[in-house]
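Asker: This is what each chain is made of:
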Amino acid sequence: MADNYLISTQKLCLHYNLELSFVNALSKFGLIEVKIIDQMHFIHQDQISDIEKIIRLHYELNINLEGIDIIFNLLQKQREMRNELIDLKNRLSFYEGDYML
Amino acid sequence: MAFVDYYKILNISKGATEKEIKSAYRKLARKYHPDINPDNKDAEKKFKEINEANEVLSDPEKRKKYDKYGQNWEHGEEYEKARRQQQQQQKRTKYQYSQQGSSDNDFSDFFESMFGGEKTSYRDRRQPKFKGQDYNAELHLTLKDLYTTQKQVLTVNNKKIRLTIPAGVHNGQVIKIKGKGGDGVNNGPSGDLYIKFIITNKSKFKRVDNNLHQTIHLDLYTAILGGEITVPTFDGKVKLQIKPETKNETKIKLKGKGFPIYKKEGQYGDMIITYRIETPTDLTVKEIELFKQLQKIKNNG
Numbered sequence: 195m196a197d198n199y200l201i202s203t204q205k206l207c208l209h210y211n212l213e214l215s216f217v218n219a220l221s222k223f224g225l226i227e228v229k230i231i232d233q234m235h236f237i238h239q240d241q242i243s244d245i246e247k248i249i250r251l252h253y254e255l256n257i258n259l260e261g262i263d264i265i266f267n268l269l270q271k272q273r274e275m276r277n278e279l280i281d282l283k284n285r286l287s288f289y290e291g292d293y294m295l
Numbered sequence: 004m005a006f007v008d009y010y011k012i013l014n015i016s017k018g019a020t021e022k023e024i025k026s027a028y029r030k031l032a033r034k035y036h037p038d039i040n041p042d043n044k045d046a047e048k049k050f051k052e053i054n055e056a057n058e059v060l061s062d063p064e065k066r067k068k069y070d071k072y073g074q075n076w077e078h079g080e081e082y083e084k085a086r087r088q089q090q091q092q093q094k095r096t097k098y099q100y101s102q103q104g105s106s107d108n109d110f111s112d113f114f115e116s117m118f119g120g121e122k123t124s125y126r127d128r129r130q131p132k133f134k135g136q137d138y139n140a141e142l143h144l145t146l147k148d149l150y151t152t153q154k155q156v157l158t159v160n161n162k163k164i165r166l167t168i169p170a171g172v173h174n175g176q177v178i179k180i181k182g183k184g185g186d187g188v189n190n191g192p193s194g195d196l197y198i199k200f201i202i203t204n205k206s207k208f209k210r211v212d213n214n215l216h217q218t219i220h221l222d223l224y225t226a227i228l229g230g231e232i233t234v235p236t237f238d239g240k241v242k243l244q245i246k247p248e249t250k251n252e253t254k255i256k257l258k259g260k261g262f263p264i265y266k267k268e269g270q271y272g273d274m275i276i277t278y279r280i281e282t283p284t285d286l287t288v289k290e291i292e293l294f295k296q297l298q299k300i301k302n303n304g
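Going down the list, the protein sequences come from chains P and Y.
Offset between the first sequence (1-based) and the working numbering: plus 194.
Offset between the second sequence (1-based) and the working numbering: plus 3.
Do not rely on the hints blindly, as some may be mistaken.
Said to hold, decoys possible - With a cut-off of at most 27 Å between alpha-carbon atoms, the simulated DSSO-like pairs for lysine-lysine come out as follows:
#: 1; chain 1: Y; residue 1: LYS51; chain 2: P; residue 2: LYS271
#: 2; chain 1: Y; residue 1: LYS25; chain 2: P; residue 2: LYS271
#: 3; chain 1: P; residue 1: LYS247; chain 2: Y; residue 2: LYS44
#: 4; chain 1: P; residue 1: LYS247; chain 2: Y; residue 2: LYS258
#: 5; chain 1: Y; residue 1: LYS44; chain 2: P; residue 2: LYS229
#: 6; chain 1: Y; residue 1: LYS199; chain 2: P; residue 2: LYS247
It is worth saying that the hints were derived from the structure and are not from the lab.
All figures in this text were calculated on a predicted structure; none of them were measured in a lab.
When you get a sec, could you build the whole thing from the sequences and use the hints?
Answerer: Here it is, written out as structure tokens:
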């Protein structure tokens with residue numbers, strides 16, 4: 195992780211109006227990875243999308259962190275299955291269509 | 004413009020309490036929320052509907068107005084008066100909404116007409132965004148295009164993006180171009196650009212992973228006696244020796260003459276060639292005579 199891509203958890207909490215304990219809980223659940231440099235806590239900017247998603251799921255839909263963890267795992271499985279489906283469709287067109295992609 | 008039955012959308016009765024509305028909304032939102040249904044346009048549409056229904060029914064003022072006019076909303080005198088006022092208001096506020104982009108167009112024409120600028124989209128109620136919006140785009144290319152690495156300039160939201168597309172991309176593959184989405188907020192990181200490749204194939208080759216397949220028609224005589232043929236590849240023509248007594252559906256492999264392997268420069272799959280032997284037709288009398296002689300030899304040993 196390049197350091198210039200890191201965002202302090204303090205700044206994160208300030209922007210999203212979050213309690214630091216919430217960010218710590220996300221880290222504890224393995225939903226985000228917190229990096230500690232000189233006793234300061236940071237997250238990589240690549241995790242922002244996930245954090246924004248977690249905030250929406252937690253605050254808009256009342257889903258607890260265990261539930262979010264399950265959702266993330268299922269979404270990952272769904273992505274893998276979708277890729278597998280694309281691959282299988284491409285293979286199937288070898289037998290069904292005139293052309294293969 | 005059609006009437007929208009918000010009670011039906013949330014699957015609740017007209018006498019539903021505030022708590023029941025909230026509960027019904029949450030239940031449906033958990034099912035159709037875009038974060039749980041990525042790339043699902045039907046779910047997104049449904050979510051917008053339930054969001055709009057909740058917007059009206061969870062607000063006592065809006066609900067009262069909606070209940071009062073209901074299906075006859077177009078004929079109510081008060082509605083007409085309000086509509087004229089809203090049209091004026093919309094003229095003033097339209098520019099502001101269009102600036103937020105199409106993704107924020109969360110409400111139906113029915114809602115717009117009845118409540119005008121009163122909406123507070125679910126997006127507005129969210130925590131402020133930090134990371135810029137992710138963009139999705141589709142790029143249509145031919146199989147031949149992707150045999151070599153391509154350089155293209157795309158225009159996404161008025162921004163020009165120079166793109167290098169590595170040879171060997173697969174149909175349906177999505178690549179992420181980091182930081183090429185919308186700008187972040189408060190020095191937050193920019194969003195990303197996701198490009199999905201749609202590949203059309205007008206070549207005579209079929210692709211399976213990194214291998215290319217083609218069927219070559221052989222005349223009977225070359226199949227029996229052997230010979231030399233020329234076959235096309237994406238890399239030019241290749242000469243092939245046909246062995247005598249080659250059987251129908253024989254497959255041969257031309258190593259390294261297939262499709263480039265994605266992000267492995269200089270590495271290629273194989274070309275798989277299937278021979279299909281053509282039985283001669285429209286035979287002359289002499290040819291038939293000669294085949295009969297061959298048959299006689301075969302039968303008599």
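Asker: Taking each numbered hint in turn, which are not upheld by the structure, reported in ascending numerical order?
Answerer: Failing hints, ascending: 2, 4 and 5.
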